[in-house]
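Could you put together the complete structure from these sequences and hints?
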Amino acid sequence: MYNLLMKELRLGVSPWFYALPFVTGALMLIPGWVYFVVTLYVCMITIPNIFAGYKSQNDLMFTNMLPVSKKDIVKSKVGIIVFLELLHVIVAVVFGAVSLALYPNIEYIFFKPTAGFWGLTLIMLGIFNVCFIPMHYKTAYKYGSASIVSIAAAFLFAAGAEWLGISNAFVRDLFKGSGADDWGIQLSVLLAGALVFAALTIIAYRAACKRFKKVEI
Amino acid sequence: MIMLDVKNVSKKFEHFQLDNVSFQVPQGYIMGFIGINGAGKTTTIKSILNLITVDSGEIQIMGKNVAIHEAELKQSIGYAFGNVDFYTRSRIRTLTKVVKTFYDNWDDEAYRRYVRKFKLIEDKRIAELSTGMKVKYSLAIALSHGAKLLILDEPTSGLDPAARDDLLDIFRELVQDGEISILFSTHITSDLEKCADYITYIHEGRIVGSAEKDEFIDTYRLVNGKVEELEGIKERLISHRVNSFGFTGLIRADELPPSAAVNVAIPNLEEIMVYYSKKEAAHV
Numbered sequence: 001m002y003n004l005l006m007k008e009l010r011l012g013v014s015p016w017f018y019a020l021p022f023v024t025g026a027l028m029l030i031p032g033w034v035y036f037v038v039t040l041y042v043c044m045i046t047i048p049n050i051f052a053g054y055k056s057q058n059d060l061m062f063t064n065m066l067p068v069s070k071k072d073i074v075k076s077k078v079g080i081i082v083f084l085e086l087l088h089v090i091v092a093v094v095f096g097a098v099s100l101a102l103y104p105n106i107e108y109i110f111f112k113p114t115a116g117f118w119g120l121t122l123i124m125l126g127i128f129n130v131c132f133i134p135m136h137y138k139t140a141y142k143y144g145s146a147s148i149v150s151i152a153a154a155f156l157f158a159a160g161a162e163w164l165g166i167s168n169a170f171v172r173d174l175f176k177g178s179g180a181d182d183w184g185i186q187l188s189v190l191l192a193g194a195l196v197f198a199a200l201t202i203i204a205y206r207a208a209c210k211r212f213k214k215v216e217i
Numbered sequence: 001m002i003m004l005d006v007k008n009v010s011k012k013f014e015h016f017q018l019d020n021v022s023f024q025v026p027q028g029y030i031m032g033f034i035g036i037n038g039a040g041k042t043t044t045i046k047s048i049l050n051l052i053t054v055d056s057g058e059i060q061i062m063g064k065n066v067a068i069h070e071a072e073l074k075q076s077i078g079y080a081f082g083n084v085d086f087y088t089r090s091r092i093r094t095l096t097k098v099v100k101t102f103y104d105n106w107d108d109e110a111y112r113r114y115v116r117k118f119k120l121i122e123d124k125r126i127a128e129l130s131t132g133m134k135v136k137y138s139l140a141i142a143l144s145h146g147a148k149l150l151i152l153d154e155p156t157s158g159l160d161p162a163a164r165d166d167l168l169d170i171f172r173e174l175v176q177d178g179e180i181s182i183l184f185s186t187h188i189t190s191d192l193e194k195c196a197d198y199i200t201y202i203h204e205g206r207i208v209g210s211a212e213k214d215e216f217i218d219t220y221r222l223v224n225g226k227v228e229e230l231e232g233i234k235e236r237l238i239s240h241r242v243n244s245f246g247f248t249g250l251i252r253a254d255e256l257p258p259s260a261a262v263n264v265a266i267p268n269l270e271e272i273m274v275y276y277s278k279k280e281a282a283h284v
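These protein sequences, in sequence, are chains A and B.
Numbered per the UniProt record's numbering, the first sequence spans residues 1 to 217.
Numbered per the UniProt record's numbering, the second sequence spans residues 1 to 284.
Don't read these hints as lab results, they were simulated from the structure.
Please note: incorrect hints may appear among the correct ones.
Cut-off 16 Å, straight-line C-alpha distance, at most; resulting in silico cross-link-like pairs (EDC-like, lysine to aspartate or glutamate) [stated by the list, open to error]: (1) B:K279 / B:E204; (2) B:K278 / B:E235; (3) B:K46 / A:D181; (4) A:K71 / B:E70; (5) A:K214 / B:D55; (6) B:K12 / A:D181; (7) B:K148 / B:E173; (8) A:K71 / B:E173; (9) B:K213 / B:E270; (10) A:K213 / B:D55; (11) B:K7 / B:E58; (12) A:K213 / B:D254; (13) A:K70 / B:E231; (14) B:K234 / B:D254; (15) A:K142 / A:D72; (16) B:K213 / B:E235; (17) B:K64 / B:D5; (18) A:K112 / A:E216; (19) A:K70 / B:E72; (20) B:K234 / B:E255; (21) B:K194 / B:D165; (22) A:K71 / A:D181; (23) A:K55 / B:E122; (24) B:K100 / B:E128; (25) B:K7 / B:D85; (26) B:K97 / B:E109; (27) B:K234 / B:D218.
Calculated from the model, a selection of chain B residues having no Cβ within reach of chain A, i.e. all distances over 12 Å [stated by the list, open to error]: (28) E122; (29) R172; (30) D177.
All values derive from a computational prediction rather than experimental measurement.
The beta-carbon is built from N, C-alpha and C at its ideal position, and this holds for glycine as well.
Take a look at the structure:
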């Protein structure tokens, strides 16, 4: 499994995609922006491009010729997706903290980069995974429709959450009002978000394994 | 010992099917796997490598079922696909660094030896290699992880005659000590005349024959005679062609009527393949 992950890191992922989180993360410094967009870039740019690379480099056949199980192949691909998503989130969290320090008195229309917001971000990425990974493994090489559907689903979640954060008093208070400074609430939302992300990703992995078994290469 | 045993493999696709495909590759020999384009060579090879699941039948390598022991058996299989490229923008050095981590018996010294022998330049990208060099690189990888069965799908297609001859010499050399076996699919039959020990001929997804090369060729006869003689033998011919001098046709040796007044010759592999494909055309 380790060798498969190293294979992805060395061959599958262009070095640019290790730098991209720092470029997109810096967008957290725009005061009061729609911060969901920052991590949506991993869904919109990084993952579709990596899977386009897999397709053009014949990775499906190359990897299947190696002495590894089909399950491990899926696991390594899911692993690399999760790694890149978390890299984007962690870098964005750091830039988010800088942003909070830079603009302490700003009034947020969209979500403030609190711990709870990062929980919501993880749910958004979990939704992306649960759509993209099983859809891709229907053929194990097509990524276009899987990208469109999964990006749309993640986007709808983000838009819905932002809308609630503006129109619903409870949610607004939780993320931008008194709840924003309550670490107990914020960490609970973060933890819940992490659990949802993990659960959705595991569901995606299992569904992908089942589909990949049936794929004729 | 039987290195590869394909037993009654069937697989149905929308427009094509493998029908009860069976053949065996003994250890230490080269099996030429021939057939025209679309006959089912690559599909059979994909079944052997478990890249497609078969509807029925079984494939064993060194006595173990491929479908069950896939990862374990792939440690002992080397492959070269003449028409498929992987990671063409990567350098040989980078690709080898990645690939070698997957094999338990990787031998760095052997790899260095083959890189020198095949004159591979490790700084080159895969896209910069000639077709022959790509096959040699695949062989260097396969031989460095101690592959016992080499599966070569059209490895000589697109090569110039000198490069083909060079590769065929390498294949012969590899099987010399009796350890390595090669399944070599091609439609360039002259390559097999030079280097194969056994021949398996596939046509429209069915195995027409699988035997030792001379025995396989000896199963058939090429007959020619005057057009008037055609009627008497026509039904027994696999197929035939008529020209102003008379007719030429392919017939199974055991179907040859002893009293027929025709000239009889031993065909070559290409003629067997061509007349079989004419049979297909005649049925359309």
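Hints, verified against the model:
Proposed proximity of K279 (chain B) and E204 (chain B) is supported: the alpha carbons are some 11 Å apart, at most 16 Å. Taking the CA atoms of K278 (chain B) and E235 (chain B), the gap is about 15 Å. The hint holds against a cut of 16 Å. For the given pair, K46 (chain B) sits about 60 Å from D181 (chain A) by alpha-carbon distance, which is inconsistent with the 16 Å threshold. For the given pair, K71 (chain A) sits about 12 Å from E70 (chain B) by alpha-carbon distance, which is consistent with the 16 Å threshold.
Between K214 (chain A) and D55 (chain B), the direct Cα distance comes to roughly 12 Å. Compliance with the 16 Å bound is thereby established for this hinted pair. Between K12 (chain B) and D181 (chain A), the direct Cα distance comes to roughly 63 Å. Violation of the 16 Å bound is thereby established for this hinted pair. For a cut-off of 16 Å, the pair hint linking K148 (chain B) to E173 (chain B) stands: about 14 Å separates their Cα positions. Distance hint between K71 (chain A) and E173 (chain B) is unfulfilled; the C-alpha atoms sit about 37 Å from each other, more than 16 Å.
At roughly 13 Å between alpha-carbon atoms, K213 (chain B) and E270 (chain B) fall within 16 Å of each other, so this suggested pair holds. Only pairs whose Cα atoms come within 16 Å are accepted, and K213 (chain A) paired with D55 (chain B) is accepted, the gap being roughly 14 Å. Between K7 (chain B) and E58 (chain B) the CA atoms are separated by roughly 5 Å; this keeps the pair inside 16 Å, and the hint holds. Between K213 (chain A) and D254 (chain B), the direct Cα distance comes to roughly 46 Å. Violation of the 16 Å bound is thereby established for this hinted pair.
Note on K70 (chain A) and E231 (chain B): the hinted pairing is violated, with a Cα-Cα distance of about 57 Å set against a maximum of 16 Å. In summary, the hint linking K234 (chain B) to D254 (chain B) is supported, as the alpha carbons are separated by about 15 Å, within the 16 Å threshold. Restraint check for K142 (chain A) and D72 (chain A): the C-alpha separation of about 19 Å exceeds 16 Å, so the hint is violated. Among the hinted pairs, K213 (chain B) with E235 (chain B) is inconsistent with the structure: their alpha-carbon atoms are about 27 Å apart, more than 16 Å.
Restraint check: the Cα-Cα separation between K64 (chain B) and D5 (chain B) comes to about 9 Å, which is no more than 16 Å; the hinted pair holds. For a cut-off of 16 Å, the pair hint linking K112 (chain A) to E216 (chain A) is broken: about 47 Å separates their Cα positions. Proposed proximity of K70 (chain A) and E72 (chain B) is supported: the alpha carbons are some 13 Å apart, at most 16 Å. A hinted pair counts as satisfied when its Cα atoms are at most 16 Å apart, and K234 (chain B) with E255 (chain B) qualifies at roughly 11 Å.
Between K194 (chain B) and D165 (chain B) the alpha-carbon distance is near 9 Å, which keeps this suggested pair within the 16 Å criterion. The straight-line distance between the Cα atoms of K71 (chain A) and D181 (chain A) is roughly 43 Å, outside the 16 Å bound, and the hint therefore fails. For the suggested pair K55 (chain A) and E122 (chain B), the alpha carbons sit about 25 Å apart, so the restraint of at most 16 Å is broken. For the proposed pair K100 (chain B) and E128 (chain B), the alpha carbon gap of about 21 Å is over 16 Å, so the pair is violated.
Annotation: proposed proximity of K7 (chain B) to D85 (chain B) is violated, straight-line Cα distance about 30 Å (limit 16 Å). About 14 Å separates the Cα atoms of K97 (chain B) and E109 (chain B), which keeps this hinted pair within 16 Å; it holds. The suggested pairing of K234 (chain B) with D218 (chain B) is violated, with an alpha-carbon distance near 20 Å, which exceeds 16 Å. No Cβ of chain A comes within 12 Å of the Cβ of E122 (chain B); the nearest lies about 15 Å off, and the non-interface call holds.
With 12 Å as the threshold on Cβ separation, the claim that R172 (chain B) sits away from chain A holds: the shortest Cβ distance comes to roughly 25 Å. Annotated as non-interface, D177 (chain B) keeps its C-beta farther than 12 Å from every C-beta of chain A; the closest such distance is 24 Å.
In summary, the structure is inconsistent with hints 3, 6, 8, 12, 13, 15, 16, 18, 22, 23, 24, 25 and 27 from the numbered list given earlier, while agreeing with the others.
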